[in-house]
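Assemble chains B, C, D, E, F, G, H, I and J onto chain A, guided by the hints.
Chains as they are written, first to last, in the numbering used here: chain A, 1 to 118; chain B, 1 to 118; chain C, 1 to 118; chain D, 1 to 118; chain E, 1 to 118; chain F, 1 to 118; chain G, 1 to 118; chain H, 1 to 118; chain I, 1 to 118; chain J, 1 to 118.
Calculated directly from the structure, the hints in this document are not laboratory data.
There could be a bad hint or two in this list.
Said to hold, decoys possible - Derived lysine-lysine pairs resembling DSS-like cross-links, with alpha carbons at most 30 Å apart: (1) 59(B) to 117(D); (2) 117(C) to 36(B); (3) 117(I) to 62(G); (4) 117(D) to 117(C); (5) 62(B) to 62(D); (6) 62(H) to 62(C); (7) 59(J) to 36(F); (8) 59(C) to 62(H); (9) 62(A) to 36(F); (10) 59(F) to 36(D); (11) 62(I) to 36(G); (12) 117(A) to 36(A); (13) 62(G) to 36(F); (14) 62(D) to 117(D); (15) 117(I) to 117(J); (16) 36(G) to 59(E); (17) 62(A) to 117(A); (18) 62(H) to 36(B); (19) 36(C) to 117(C).
There are 10 protein chains.
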Amino acid sequence: MSTDFRATLETFSNPYPHREYRIETICPEFTSLCPKTGQPDFGTLTITYVPDQTCFELKSLKLYLQRYRDHGAFYEQVTNLILDDLVAVTQPRSITVIGAFTARGGIRTNVIVEYTKP
Amino acid sequence: MSTDFRATLETFSNPYPHREYRIETICPEFTSLCPKTGQPDFGTLTITYVPDQTCFELKSLKLYLQRYRDHGAFYEQVTNLILDDLVAVTQPRSITVIGAFTARGGIRTNVIVEYTKP
Amino acid sequence: MSTDFRATLETFSNPYPHREYRIETICPEFTSLCPKTGQPDFGTLTITYVPDQTCFELKSLKLYLQRYRDHGAFYEQVTNLILDDLVAVTQPRSITVIGAFTARGGIRTNVIVEYTKP
Amino acid sequence: MSTDFRATLETFSNPYPHREYRIETICPEFTSLCPKTGQPDFGTLTITYVPDQTCFELKSLKLYLQRYRDHGAFYEQVTNLILDDLVAVTQPRSITVIGAFTARGGIRTNVIVEYTKP
Amino acid sequence: MSTDFRATLETFSNPYPHREYRIETICPEFTSLCPKTGQPDFGTLTITYVPDQTCFELKSLKLYLQRYRDHGAFYEQVTNLILDDLVAVTQPRSITVIGAFTARGGIRTNVIVEYTKP
Amino acid sequence: MSTDFRATLETFSNPYPHREYRIETICPEFTSLCPKTGQPDFGTLTITYVPDQTCFELKSLKLYLQRYRDHGAFYEQVTNLILDDLVAVTQPRSITVIGAFTARGGIRTNVIVEYTKP
Amino acid sequence: MSTDFRATLETFSNPYPHREYRIETICPEFTSLCPKTGQPDFGTLTITYVPDQTCFELKSLKLYLQRYRDHGAFYEQVTNLILDDLVAVTQPRSITVIGAFTARGGIRTNVIVEYTKP
Amino acid sequence: MSTDFRATLETFSNPYPHREYRIETICPEFTSLCPKTGQPDFGTLTITYVPDQTCFELKSLKLYLQRYRDHGAFYEQVTNLILDDLVAVTQPRSITVIGAFTARGGIRTNVIVEYTKP
Amino acid sequence: MSTDFRATLETFSNPYPHREYRIETICPEFTSLCPKTGQPDFGTLTITYVPDQTCFELKSLKLYLQRYRDHGAFYEQVTNLILDDLVAVTQPRSITVIGAFTARGGIRTNVIVEYTKP
Amino acid sequence: MSTDFRATLETFSNPYPHREYRIETICPEFTSLCPKTGQPDFGTLTITYVPDQTCFELKSLKLYLQRYRDHGAFYEQVTNLILDDLVAVTQPRSITVIGAFTARGGIRTNVIVEYTKP
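Isolated chain A, as found in the complex (with noise of 0.2 Å):
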């Protein structure tokens, strides 16, 4: 599965790949599919990360992100996957994405993980 979505991403070369800096992206328009019950969960996902000779191009992130509006992937599976995906196409130094979920059974759920090049 993840191989198809990952080719949606696009890249362009980072115009300063000496200097060590950071770029945040928020994306607070998020959804995806329960893969139990099959109803939507929506969440704000926050993608930081320190680019290294490629950055990932903003237009294909969002069509990227918007695969998944027909994708069933719990919580955890869905952050972890698209840092899987970010790093297989951008090799940063390092990166964080943060998946923030909207209330489901009056329970809120953010799921926060990292990579840094070894």
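Relative to the frame of chain A, chains B, C, D, E, F, G, H, I and J by itself:
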């Protein structure tokens, strides 16, 4: 007492056991009884943990926390007890439980308890 | 059912019965049970009234609202029922009860009920 | 189209049909598709009505609104259409539907539609 | 009792007696004693009036309100009493006193009293 | 000048011309030039209207407002001018335009202009 | 005194004299001196008016308000005085001046003055 | 003086003495007297401690803090004194007391005092 | 210049000289003059220090800061100068002064200066 | 290109070159053009630096940033470019530039760039 409640908690296998990541769960609809006066107490529980092999399932957590509705316990006991139960059931790498209780007599109390796997 | 709960409410003589003035009481710690699922509901009740000869006593209101803790009723019923009880006991010049319930399935509901002495 | 969606809405008898009271329902997880671009739109729907003989059931409302997830319609159409469906199904004394959509191109739009029984 | 407190209030001539204008005074540091329990109550008083020939002086208002520090009175009495004293001393065209008291037992109360010169 | 800008605005047929409903459009990214100093001004435009036969199209509104980027006009002129153009193009039942401009010299200004079809 | 200050205010011709519209000007950097203690007072002035033939110029308003920096006057006088000067200079259809002064001795005061052309 | 007040504080055995956890207590209704002017001071006390063998009881803390109502002491003294009393009575592993006092003469002051068991 | 202002500052003996604790003083009513334009500047000063043998007295601080009312100095100078004066007069263990100035030309500036006793 | 813009920046001698202190400058009225679409971008620039011998002058910074109004550059380029120009002109001990851009397609981006003198 703790044994009985604890059985309500269900778990599932951590889908990314090799990665160290964090799950935050916020439960603003917690209520128990004051053991001295029998009056209801209200609060928000925030549970943050780094899972190891096991995650707790959210619906069973909701049912577990509802068991406190008719149960008498002081703030310090409740918060430590919930930490003990979650540690016993999920054996996390680390976990924090914060109980933020509403004001009584103009005074508001938070209890913050942490555990790290030795 | 309503008769039984209503008896919990105590009153005192309005100390300024000749003046038309307003009392607002906000109760953010209301909880009852959903009659369909048995699951707890949570909400904030806001009661605003112009007393006539009688005011309700705040401690007895607290105990009265606690009676709903183990009681099953839909949002619309609960809010109308509380209005009926407060009207029966205090015979106010006018009164409004607002029940603002927490989100379920991503949907939040408020019920607003008013009464004016004919 | 509207007929098909409308059938999802279930109702129950207003428990207090003789009293004129108001129910507010806030749905922050609404999403539909832009008919021009195919891109998802997001927004918060706020429905306020004075029921007559019939109330709409909240779970069926949730399912009804989810039908728009794969449906293309402009902001003005969506908001008017939902009002039409709710009027047809519950025949309320009066109703207001507010669609507050998230920003596109730096511009944010709200649509406010009202109906009063003649 | 009221007579004694009232004498603390000093006034000055309204500098613009021919114009109908409004003065709002907000006092967030009000405290009195509960006559039943002897425990301190806390609240914010908001006084809004249209002066006629006379305005109350702010420093004397501060000293007047401090007289309640060791004085026992219920919320409804305190708010009505302060209105009575301010009316007696300044004879305003109209005046509103709002007493917004902090939560006790999880319940918060506001008392709103108004007077208009006949 | 106004004629030239106005041509940028595109419209579409009001899908519910028989119903009186309201559309609010908020544009926080407005910028023009001060005709006296040549310095850029910034503000938020809020347009609220009841359409008759015609609605303005949002993308063309965005392009229309961008025309002011290199255009010099005082706050009062800009706000009135935009109202005039929107009235000319959409012939609404009523419309309000609010221009809320950022502070200059520690002073902030809002201009509120309204039109109702005779 | 008033005459001297008033001369600082400059005006320009209302560019839309035939339309009734509103201009709000917010000045959070107002400061004057307390005539009793010589201590500085601070506040926010909000001026809202419907111009007739004349608008006041913003830079001259700033200089006019700065004249109060070394000037002693009570809250009620200052607010009424500024209204008088703005009425004299611009002859508006209507105008409101609100002086919201910072807390002294734990008490905060707002003065609201209005004028409508007869 | 301190001895007399201190006796009001009651304690109970820490139910989890082997675990290092934190208790935060927020008291927004603190009031004392300025020793120079005799005028009341108001503030919020925030007490955070890691208990060792003993916790302080919340109702007795409330009564202890009420003892300051008729007691004159400067901000710095009050905050240090409360820390001294709480250390003497509960012998905590560590404790912080923050006194955040309301504005006087336009100036607001916080005092932050810490203690760690040697 | 600095010498003259500095003399306004009065001190008192630190009541707890053996304990390292922190005092924060927030002054939102600071105003000085721009030396280039003569126009008034406004800002909030936040002073945080760990006293040694001496504390500054709050009323004298207020009078000291008022001396800047008719004094011309740039943001950087004012903030450093106040730090220098407070260090000279109280010889603190450490101190931070933050000057947060209001916007000019749409640009807002904060200056943060620190000192630690060698 | 950068050379041309950079010349707009004026500097003055750091009045306290021997002390290490920080200056924060917040510019919420930044706008440039998207090089791909030609559409305007909007954002808030926050510049924080520790000056060495030289500070940048605020009015010239305003004029410098206005040069981007008709200039096309991506978020990452703009933020890095401004850092480069400020480093070249003021040779600071250290500097951070944060560009926080408004949402496009429901996605918001911040770019954080830092420099420390070797």
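Okay, the hints, checked on the actual structure:
1. 59(B) to 117(D): violated, 42 Å
2. 117(C) to 36(B): Between residue 117(C) and residue 36(B) the Cα gap is close to 42 Å, so the pair fails against 30 Å, i.e. violated.
3. 117(I) to 62(G): Roughly 43 Å between the alpha carbons, so the hint for residue 117(I) and residue 62(G) is violated.
4. 117(D) to 117(C): Holds: residue 117(D) and residue 117(C) sit about 26 Å apart, inside 30 Å.
5. 62(B) to 62(D): holds, 21 Å
6. 62(H) to 62(C): holds, 21 Å
7. 59(J) to 36(F): OK: residue 59(J) and residue 36(F) at ~17 Å, within 30 Å.
8. 59(C) to 62(H): Roughly 20 Å between the alpha carbons, so the hint for residue 59(C) and residue 62(H) holds.
9. 62(A) to 36(F): violated, 42 Å
10. 59(F) to 36(D): Distance ~12 Å between residue 59(F) and residue 36(D) Cα, so the pair holds.
11. 62(I) to 36(G): holds, 17 Å
12. 117(A) to 36(A): violated, 34 Å
13. 62(G) to 36(F): holds, 17 Å
14. 62(D) to 117(D): holds, 25 Å
15. 117(I) to 117(J): Status holds; Cα separation ~26 Å.
16. 36(G) to 59(E): holds, 12 Å
17. 62(A) to 117(A): At roughly 25 Å apart (the allowed maximum being 30 Å), residue 117(A) and residue 62(A) satisfy the hint.
18. 62(H) to 36(B): It holds: about 17 Å lies between the C-alpha atoms, which stays within 30 Å.
19. 36(C) to 117(C): Not satisfied, since the Cα-Cα distance of roughly 34 Å exceeds 30 Å.
Going through the hint list in order, the structure does not satisfy hints 1, 2, 3, 9, 12 and 19.
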